[in-house]
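Undergrad: So the chains spell out like this:
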Amino acid sequence: MNAAELVAALMLAALAIYTCTGGADFGGGVFDLFASGPRREEQRKLIEHALAPVWEANHVWLIFIIVLMFTAFPEAFSQLSISFFVPLTLVLVGIVFRGAAFVLRQYGEPDAGMRRLLSVVFGGASTVTPVALGVILAGIVGGTSAPEASTGGAGGGGFGLFGLLVGAFVLALFSLIAAIYLTVEAESAELKQDFRRRALSAGVLLGVLAFGVTQSASGNTPRFSAALLDSWWSWPLQIFTGGVALAVLAAVATRRDRLARTLVILQASAIVLGFGLGQRPYLIAPNVTISSAAAPEATIRVLLVIASAGALLLIPSLYFLLRVFKTQRR
Amino acid sequence: MDDILVARVQMAMSLGFHIIFASVGIAMPVLMVIAEVWGLVRRDPELIGLAKRWAKGTAVLFAVGAVSGTVLSFELGLLFPGFMRLAGALIGVPFSLEGFAFFTEAIFLGLYLYGWDRLPPRVHVATGVMVAVSGLLSAVFVTFVNAWMNAPEGAVLEGGRIVDVDPLAALKTAYALHEIPHMALASYVGTAGAVAGIHAYALLRDPRSTLHAKALAIALALVIPCALLQPPLGHFAGQQVARYQPMKLAALEQHHETRPRAPLKLGPFEIPGGLSWMAFGDPNAVVTGLDAFPPADHPHPIIRPAFLVMVGLGTIMALHAALAVFLLLRRRAWAASRPFLAFTVLCAPMGYVALEAGWIVTEVGRQPWVVYGLLRTAASVTPVHGLGARLWVFAVIYLILGVTVAVVMARHVRSTLKPGATS
Chain A
47 MNAAELVAAL
57 MLAALAIYTC
67 TGGADFGGGV
77 FDLFASGPRR
87 EEQRKLIEHA
97 LAPVWEANHV
107 WLIFIIVLMF
117 TAFPEAFSQL
127 SISFFVPLTL
137 VLVGIVFRGA
147 AFVLRQYGEP
157 DAGMRRLLSV
167 VFGGASTVTP
177 VALGVILAGI
187 VGGTSAPEAS
197 TGGAGGGGFG
207 LFGLLVGAFV
217 LALFSLIAAI
227 YLTVEAESAE
237 LKQDFRRRAL
247 SAGVLLGVLA
257 FGVTQSASGN
267 TPRFSAALLD
277 SWWSWPLQIF
287 TGGVALAVLA
297 AVATRRDRLA
307 RTLVILQASA
317 IVLGFGLGQR
327 PYLIAPNVTI
337 SSAAAPEATI
347 RVLLVIASAG
357 ALLLIPSLYF
367 LLRVFKTQRR
Chain B
112 MDDILVARVQ
122 MAMSLGFHII
132 FASVGIAMPV
142 LMVIAEVWGL
152 VRRDPELIGL
162 AKRWAKGTAV
172 LFAVGAVSGT
182 VLSFELGLLF
192 PGFMRLAGAL
202 IGVPFSLEGF
212 AFFTEAIFLG
222 LYLYGWDRLP
232 PRVHVATGVM
242 VAVSGLLSAV
252 FVTFVNAWMN
262 APEGAVLEGG
272 RIVDVDPLAA
282 LKTAYALHEI
292 PHMALASYVG
302 TAGAVAGIHA
312 YALLRDPRST
322 LHAKALAIAL
332 ALVIPCALLQ
342 PPLGHFAGQQ
352 VARYQPMKLA
362 ALEQHHETRP
372 RAPLKLGPFE
382 IPGGLSWMAF
392 GDPNAVVTGL
402 DAFPPADHPH
412 PIIRPAFLVM
422 VGLGTIMALH
432 AALAVFLLLR
442 RRAWAASRPF
452 LAFTVLCAPM
462 GYVALEAGWI
472 VTEVGRQPWV
482 VYGLLRTAAS
492 VTPVHGLGAR
502 LWVFAVIYLI
512 LGVTVAVVMA
522 RHVRSTLKPG
532 ATS
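Residue numbers (my numbering), protein chains in the order written: chain A, 47 to 376; chain B, 112 to 534.
These aren't lab readings, by the way, just hints derived from the structure by calculation. Mixed in with the good hints, there may be bad ones.
[To be verified] Among chain A residues calculated to face chain B with C-beta under 8 Å, some are:
#1 Val100
#2 Val106
#3 Val113
#4 Phe123
#5 Ser124
#6 Phe131
#7 Leu134
#8 Thr135
#9 Gly201
#10 Pro342
#11 Thr345
#12 Leu349
#13 Ile352
#14 Gly356
#15 Leu360
Don't be surprised by glycine CBs; every beta carbon is placed ideally from N, CA and C.
All chains, full assembly: derive it from the sequences and hints.
TA: Right, here's the structure in full:
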């Protein structure tokens, strides 16, 4: 693996981490929007309590991916920004509204009407943004009919049935992760059960969508589809991912919440890994590869040094943050 | 409005919006930690309460700063993909350092804001110190990017690519020496000045409040050294601009004729040789005028009034700081001097206005270049259509956001101002 591929691997790892952290935040927003049943307000309170100390740190992973991309693969970043202008703008608007609504609802001392409005904005943005992210992912694996080069056009790459299916898949995955995290964080038995039910629904939906995406991929993105299904690693990875997915559902059903949490992180990582392996060596199929877009070797080396040094500082800090807020109070 | 102007306005709006909130994120942790440490040392619950009060306001403003910063990292690509394709690898180095600094800041801010009851006091203070330090580092690294854009020495354009360049080039730019301290101090002055103004106003209404007197003291402790250092730093900045960006200097001074003994214009007055002396230390030095550059390239003349606003306000704030020191030496309590309090209230918005004015000078003054002397802004704009619509969408978003935040903050401040209010 050369230096450029190492950075690409780093970006993939960051994507997996973002899925399990920022992704969970988005999922939390979805459940805030669709909170239902007699414990509706308790559900919302739990979500707010869980998100508050960590959501800003969680979303830095996305910025991390962006910075890695434009430093190591400036050509790809430039192309992405042009071809996927519209979904990227949607992601951006979603992020702004989400963060602002969340923090204003928490600190702004809103009256009941304003609170409802902010909740809808927060929840709505949390639902739309993952779909837009999925559309972009669908596009970069080759799901646009004609990836527009520097001619610009409308920059609406990725939209279409395949894109929306992938978007729904991402949304379901984020929701599953969030539901499971919330079962661990909930304190009452009834609340835990509420989120277990939601986790099971999300998990089943995810399975259905996985099937749908795979079917759609074979028509829309034959190269990616072939890579995902016909490589030497395809069967082991598919079996592993499927197996873990079933284990997650079993753990939730048998109320083994912490086990479910570990397993769903594993499941998400396997999905992201599959995406990465299938996408390799492309950054934006079919025109932009890791080697074609790579910045000079010297720059990439510097970046790897910075990333390593940064990780040395960050990993203990993140661990400290999660320990302080995510371990159950005795 | 053509697409280039639209993209520039969009970026300017995003940057102008973000920088206020980012400045709050950089300076408030300093104030909060001072209050907390003072409170712990003196066992004063009022000071701890002050730190908590400040923390509440900071949380909202920091979050808005964080999301608006995310917007910027996207917009670099969305609006100027040509710039990112060419310069991404170079600015990526300081940007990735900034990313780590900001990540650290976000983590420790989470710990600081929510860990009051979960962390032992010393650990809690330590998290606050980490926020302050990483916030400052974040500002330092991101300013490196802008410094390099203005003074990209060593970079050579060949065949549409930047070649032969040290990957650490962005960190070695000559402009770092003045841009970074000037910006860092500007965020401290802007934020602490506004905080001082708010508490000074509270004291005018409730002269016996010990809480506001302490708050004022802490804010002024930060404002005074920074406001006094800014003018000499600004002078140094001007000298660097004269050396590396002669067209920018000519434009901000509205100096048209390349000549020695260039006069310094101050409204209707002119000091012969003044500009030559300020710029190069020698009244006989030649100062390049706008006549040396093609008229189509001249930066927009708005940078002249912007420059005067920045210098004027900076001077007033320095005078205010000097007055504060004078009162201190005369053992006159700041909280007891009503004229001084009124002056402090007047100075409250000046820091941020000067900050925005200064950025207009340096950014509009850099045009038509995005990387000075190397890449023109016009060549780096996105080819995607429909930018105008997007500009309106974002303008509306920022408007709604700005108004909402202002309303929330006003409410928060008003609750602080109620006489006898405790935390």
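Undergrad: Quick check on the hint: Val113 of chain A CB to chain B CB, less than 8 Å?
TA: This hint holds: Val113 of chain A lies near chain B, its Cβ roughly 5 Å from the closest one there, short of 8 Å.
Undergrad: Can we keep the Thr135 of chain A interface hint, with Cβ of chain B closer than 8 Å?
TA: OK, holds: Thr135 of chain A within 8 Å of chain B, min 6 Å.
Undergrad: Regarding the hint that Phe131 of chain A lies at the interface with chain B, is the smallest CB-CB distance below 8 Å?
TA: With a minimum Cβ separation of about 5 Å from chain B (threshold 8 Å), the hint on Phe131 of chain A holds.
Undergrad: Quick check on the hint: Thr345 of chain A CB to chain B CB, less than 8 Å?
TA: holds, 4 Å
Undergrad: With a cut-off of 8 Å, does the beta carbon of Phe123 of chain A approach a beta carbon of chain B closely enough for the hint to hold?
TA: With a closest approach of 5 Å, the Phe123 of chain A hint holds.
Undergrad: Quick check on the hint: Leu349 of chain A CB to chain B CB, less than 8 Å?
TA: holds, 6 Å
Undergrad: Holds or violated: the hint that Ser124 of chain A contacts chain B, with Cβ atoms closer than 8 Å.
TA: Hint on Ser124 of chain A: holds, closest Cβ of chain B at ~4 Å, below 8 Å.
Undergrad: Tell me if Ile352 of chain A is really an interface residue toward chain B, meaning its C-beta lies closer than 8 Å to one of theirs.
TA: Where the cut-off is 8 Å and the nearest Cβ of chain B is about 5 Å from Ile352 of chain A, the hint holds.
Undergrad: Please verify that hint: Leu360 of chain A, Cβ, nearest Cβ of chain B, below 8 Å or not.
TA: For Leu360 of chain A, the interface hint holds, since the closest Cβ of chain B sits about 6 Å away, which is under 8 Å.
Undergrad: With a cut-off of 8 Å, does the beta carbon of Gly201 of chain A approach a beta carbon of chain B closely enough for the hint to hold?
TA: Gly201 of chain A check passes; min Cβ-Cβ to chain B is 4 Å, inside 8 Å.
Undergrad: With 8 Å as the cut and Cβ atoms as the points, is Val100 of chain A at the interface with chain B?
TA: holds, 6 Å
Undergrad: Given Pro342 of chain A was flagged as interface, is its beta-carbon under 8 Å from a beta-carbon of chain B?
TA: holds, 7 Å
Checked against the numbered hints listed earlier, the structure breaks none of them; every hint is satisfied.
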